[in-house]
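Visitor: Take a look at the letters that make up each chain.
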Amino acid sequence: MGRQKRGQTAPWVVGVLTLLLFCCFSAWIVWVVVQSLLPAGEPPQAEEEGIRVTLLYSPEKAAWLEPLVEEFNGSDIRVGGKPVRVLARAIDSGEALQAILEGERPTVWSPASTLWVPLLNRRWQEETGATEPLAIYPEPLVVSPLVIAMWEDQARAMGYPERKIGWAEVIAATLDERGWGAYGHPEWGRFKLGHTNPYFSNSGLLSVAAEGYAAAGKVRDLLPEDLERPDTRDFVQKVESAIIHYGESTEYFARQMAQRGPAYASAVVLEEQTVVRLNLGAYGPLPQRLVAIYPREGTFWSDHPYVILRGEWVDPDQQAAALAFREFLLSRPAQEKALQAGFRPSDTSIPLQNSLFGPDLGVDPFQPQTVLEVPSADTLEALLQTWQGVRKRVNVLLVVDVSGSMADEGKLAAAQEGLKLFLDQLVEEEVRDGQVIEGDRLGIVVFNDRIDMLVPLSLLRPGDKERIRAAVDTLVADYSTVLYDVSAYALQLMSAPENYDEQRINAVVLMTDGLDTASTRYGAYSLMEEIERVSASGRPVRIFTIAYGSDADRDLLERLAEATEGRMVEGTPENIRRLYIILSSYF
Amino acid sequence: MRRRNLILFVVFLLVAIGIVVGVLVGFLPKTSQLPDLEIWIVHATEETEWLSAAARRFNQEGHRIGGQRIVVHLEAMDSGDALLNIRDEKFLHPPTAWSPSSMLWVNLLNAEWYPRHGTDLIMRVGQYQATPLVLTPMVLVMWQDRAEVFLNHFGEEPDWDTIQEALAAPEGWKTLGGQADWGYVKFGQTDPVLSNSGLVAITLATYEYFDKIRGLTVAELMDSLYRAWMQSLWRGIVGGYDRASANLMRDMILYGASKYDVIMVYENLVATQMKNAPGRWGTSLRVFYPRLNLWNDHPFCILMADWSSADQKDAALEFQKFLLREDIQKEALRYGFRPANVDVPVVNDDPENPFNLYQEQGLQVQIPRINLVEPPSAEVIRELQALFRQAQP
Numbered sequence: 001m002g003r004q005k006r007g008q009t010a011p012w013v014v015g016v017l018t019l020l021l022f023c024c025f026s027a028w029i030v031w032v033v034v035q036s037l038l039p040a041g042e043p044p045q046a047e048e049e050g051i052r053v054t055l056l057y058s059p060e061k062a063a064w065l066e067p068l069v070e071e072f073n074g075s076d077i078r079v080g081g082k083p084v085r086v087l088a089r090a091i092d093s094g095e096a097l098q099a100i101l102e103g104e105r106p107t108v109w110s111p112a113s114t115l116w117v118p119l120l121n122r123r124w125q126e127e128t129g130a131t132e133p134l135a136i137y138p139e140p141l142v143v144s145p146l147v148i149a150m151w152e153d154q155a156r157a158m159g160y161p162e163r164k165i166g167w168a169e170v171i172a173a174t175l176d177e178r179g180w181g182a183y184g185h186p187e188w189g190r191f192k193l194g195h196t197n198p199y200f201s202n203s204g205l206l207s208v209a210a211e212g213y214a215a216a217g218k219v220r221d222l223l224p225e226d227l228e229r230p231d232t233r234d235f236v237q238k239v240e241s242a243i244i245h246y247g248e249s250t251e252y253f254a255r256q257m258a259q260r261g262p263a264y265a266s267a268v269v270l271e272e273q274t275v276v277r278l279n280l281g282a283y284g285p286l287p288q289r290l291v292a293i294y295p296r297e298g299t300f301w302s303d304h305p306y307v308i309l310r311g312e313w314v315d316p317d318q319q320a321a322a323l324a325f326r327e328f329l330l331s332r333p334a335q336e337k338a339l340q341a342g343f344r345p346s347d348t349s350i351p352l353q354n355s356l357f358g359p360d361l362g363v364d365p366f367q368p369q370t371v372l373e374v375p376s377a378d379t380l381e382a383l384l385q386t387w388q389g390v391r392k393r394v395n396v397l398l399v400v401d402v403s404g405s406m407a408d409e410g411k412l413a414a415a416q417e418g419l420k421l422f423l424d425q426l427v428e429e430e431v432r433d434g435q436v437i438e439g440d441r442l443g444i445v446v447f448n449d450r451i452d453m454l455v456p457l458s459l460l461r462p463g464d465k466e467r468i469r470a471a472v473d474t475l476v477a478d479y480s481t482v483l484y485d486v487s488a489y490a491l492q493l494m495s496a497p498e499n500y501d502e503q504r505i506n507a508v509v510l511m512t513d514g515l516d517t518a519s520t521r522y523g524a525y526s527l528m529e530e531i532e533r534v535s536a537s538g539r540p541v542r543i544f545t546i547a548y549g550s551d552a553d554r555d556l557l558e559r560l561a562e563a564t565e566g567r568m569v570e571g572t573p574e575n576i577r578r579l580y581i582i583l584s585s586y587f
Numbered sequence: 588m589r590r591r592n593l594i595l596f597v598v599f600l601l602v603a604i605g606i607v608v609g610v611l612v613g614f615l616p617k618t619s620q621l622p623d624l625e626i627w628i629v630h631a632t633e634e635t636e637w638l639s640a641a642a643r644r645f646n647q648e649g650h651r652i653g654g655q656r657i658v659v660h661l662e663a664m665d666s667g668d669a670l671l672n673i674r675d676e677k678f679l680h681p682p683t684a685w686s687p688s689s690m691l692w693v694n695l696l697n698a699e700w701y702p703r704h705g706t707d708l709i710m711r712v713g714q715y716q717a718t719p720l721v722l723t724p725m726v727l728v729m730w731q732d733r734a735e736v737f738l739n740h741f742g743e744e745p746d747w748d749t750i751q752e753a754l755a756a757p758e759g760w761k762t763l764g765g766q767a768d769w770g771y772v773k774f775g776q777t778d779p780v781l782s783n784s785g786l787v788a789i790t791l792a793t794y795e796y797f798d799k800i801r802g803l804t805v806a807e808l809m810d811s812l813y814r815a816w817m818q819s820l821w822r823g824i825v826g827g828y829d830r831a832s833a834n835l836m837r838d839m840i841l842y843g844a845s846k847y848d849v850i851m852v853y854e855n856l857v858a859t860q861m862k863n864a865p866g867r868w869g870t871s872l873r874v875f876y877p878r879l880n881l882w883n884d885h886p887f888c889i890l891m892a893d894w895s896s897a898d899q900k901d902a903a904l905e906f907q908k909f910l911l912r913e914d915i916q917k918e919a920l921r922y923g924f925r926p927a928n929v930d931v932p933v934v935n936d937d938p939e940n941p942f943n944l945y946q947e948q949g950l951q952v953q954i955p956r957i958n959l960v961e962p963p964s965a966e967v968i969r970e971l972q973a974l975f976r977q978a979q980p
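Those protein sequences? They're chains L and C, same order as listed. For the first sequence, my numbering assigns the number 587 to the last residue and increments by one with no breaks. For the second sequence, my numbering assigns the number 980 to the last residue and increments by one with no breaks.
Derived from the structure by calculation, the hints contain no laboratory data. Check before you lean on any hint, since a few could be wrong.
Calculated pairs, DSBU-like style, for lysine-lysine (alpha carbon to alpha carbon, straight line, at most 35 Å) [as the list claims (entries may be wrong)]:
{"hint": "1", "chain 1": "C", "residue 1": "761", "chain 2": "L", "residue 2": "164"}
{"hint": "2", "chain 1": "C", "residue 1": "908", "chain 2": "L", "residue 2": "238"}
{"hint": "3", "chain 1": "L", "residue 1": "218", "chain 2": "C", "residue 2": "761"}
{"hint": "4", "chain 1": "C", "residue 1": "908", "chain 2": "C", "residue 2": "862"}
{"hint": "5", "chain 1": "L", "residue 1": "164", "chain 2": "L", "residue 2": "82"}
{"hint": "6", "chain 1": "L", "residue 1": "392", "chain 2": "L", "residue 2": "218"}
Computed list of chain L residues with no C-beta within reach of chain C, every gap over 12 Å [unchecked claim]:
{"hint": "7", "residue": "77"}
{"hint": "8", "residue": "121"}
{"hint": "9", "residue": "284"}
{"hint": "10", "residue": "324"}
{"hint": "11", "residue": "373"}
{"hint": "12", "residue": "407"}
{"hint": "13", "residue": "429"}
{"hint": "14", "residue": "441"}
This structure is a prediction, so every number in the text was calculated from the model and none was measured. Idealized CB from N, CA, C, for every residue including glycine.
Isolated chain L (complex conformation):
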């Protein structure tokens, strides 16, 4: 019984063979199933190739957009089977426009307002000779009206909320020498109005447009010829000379308002959204609530358009991915988040009534009742030119390092180029309608182990720029560096009563590549003391520092800029071009 016959297969062999066969089939089946679950025809890849969408957006949307970009990138949303990654960068509308013209190639641009779109198209077509506009089909993501933000006590002194306040009242108060005395509060001093720099910032551009309307006595059909009229120009000039702060950006303004309260400004032109965020404490505690004044003559809307650019660098995949991201931003959950960031959602099914939009946050969801007509691209260009012509002039001392190390790596040549670029942007004196219009005031100091006045501080007259350019070409680099001494010297020079001009923006621009090696009068500590002394003198001077090369004492340059509320930048041509505009925003 227990023995097998010869020629017969042992039962365990049959069992093992069957099991083996079964295992083979099972393994094959598992393989087939796994294959069928993979996308047809595509072998598994070690790393999937994704679609990159680059987005430039105006900074006031950052609180809303940043978390959404992160959520989108983490959501595995695919277009044509490929994952999409959005790379977003916050940049002021005017700056983004310039960046695109200078070669930046984003897939999508979302400025603060559609106003910037025809400006970009116009300049794009002028500069590239393109026949088609670059930006079309702007779709609003969120909206916010432009308002005049005022401290509640001061607004009430002007009759708020019963009395309808407009651009005319605010401008009249700004120009009134009695200041708040005209409203029974002489202790509040002057009525201080501020707006951001129109070259950079949306609210600045809109403010200047509103001024243009007020000056021309219109609420629509503002034309370039209106702005050329002497009375309009005079009006705008008066207002601009009375304006106390241009501010580089809305964010800058908001921070200053929160930190310095009514002493900084009585009224500032901002988007309603910033008022909401200020009152929510996003920039720190406020001394009192701010209220949004919706100008009775009308205002503008910032509509934060989403524009997919039609450049040859945007391929169909990126277009489709950009559309998918737009859809995501317009979805209800994303739009509801816009409310929390102070915006009015473009999804009209989301109500404002009974939301946080209300008097507690200083806003009225049922305002504004009317708008000013959006000016044409021609008129906007004319407005910018008018502003450039009437804005506050600068009183600036350029301080240039010509020590031996500047001869290396072509740094002196770069600094000379930078000086000329800066010079190009300064305004010379001109005669208009028989009237002399003063230009900017400029001086140039060069230093190595000694300090020399290359160009004495003086008003720029026609032909001066040429002479200064020639002088700049003569610079030679040699000897050591008295960085501390020259910084103190420049500050003292500019804050001296005979040189300081309170009608102008007083600043020092320091261009250097190195560390102090030869100062005899000041060290790091005593220089900071000197800065404090000058700041307390009532004749504050800002220092803007430009670093060349890798050896520059960035720490000192940063501290100098910070202590005087200036700015440090690297010495690229683009930065120097921008510096003049930044500088003219700080006062």
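Fit chain C to the supplied structure of chain L, relying on the hints for placement.
Guide: Using the frame of chain L, we list chain C on its own:
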């Protein structure tokens, strides 16, 4: 033992073979399945919500032509853009059918197509003829507080002549008895070169000016008084021209009366946005039907172009039949459209039907005092568009 082993072997073998056969059978239909029959349909923006829901359902129902499953893809486009893209054959996915807002665009596209190809692209008769899907008239929409002031001042419902007078009021709303801070009276319409509703608006205004309902001629449009009158209408537009009606309607709610006191738009869009007005501005909208009107019948036009196969054209026809089915037509009511299928009544017991909800705000099933105008010829339409272009700065 031996028998038991044999049985075991057979059982294992059978199971293994069963699995293999099962897998193979499972694969069989896949390998022999025909590919989907995809069609792309370009449509007017105001149809988006209704058509998207309908297309989703159509695709789910799995309609077939010759064994191929039909898959419908949609692309919303302004009528003007769609016309140019079709004429110039500029598209990523060639459309098998187009549903513009009205028959005006059928005339225009055929007028553009015929000289180039010697044939019409859209049929007027036969199986593939352009067929209305849903209807909607034009309406004038005003904010309730503005409407009250307007009615008080003019003593009648707004029409083109009273609107023109209001737009020209020297001190705007103040002149009409409204509040000074309402500013000028602000009118809105879409761009008539790109959008049907803008084109219909200027067509109706023109008929009103000449006090007729048919036979508009190019010669009449040369009249300088008429041209000045039209320009004064456009001067009241401060919010720019939206390129799509759905955007114009959205913008009226988004920006409130600050940008638009009164607009001319499709009835269906007002019907769907009406509910959003109070939540944004604390007041309602009021609807008025102009004396002269034109039905926007949203024709479904199968394009007789060689970029679509016969099967694709038949698939489009299948989708067209589906859209005219009673339940889908009834669904259109929710989006404010009036069904083209006469078996589906405008009023029903659906509480979401805007024709039930907004009668007090002026939405009416039976439109009063309406005179339908004749759609103008392609030449007249082109001249109207040219006049608009010339008037823009």
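Visitor: Compare the structure with each hint and give your call.
Guide: For each hint, the structure was consulted:
no. : hint          : result
1   : C:761 x L:164 : 15 Å, holds
2   : C:908 x L:238 : 69 Å, violated
3   : L:218 x C:761 : 16 Å, holds
4   : C:908 x C:862 : 31 Å, holds
5   : L:164 x L:82  : 55 Å, violated
6   : L:392 x L:218 : 25 Å, holds
7   : 77            : 18 Å, holds
8   : 121           : 14 Å, holds
9   : 284           : 31 Å, holds
10  : 324           : 15 Å, holds
11  : 373           : 4 Å, violated
12  : 407           : 56 Å, holds
13  : 429           : 35 Å, holds
14  : 441           : 40 Å, holds
Violated hints, in rising order: 2, 5, 11; the structure is consistent with all others.
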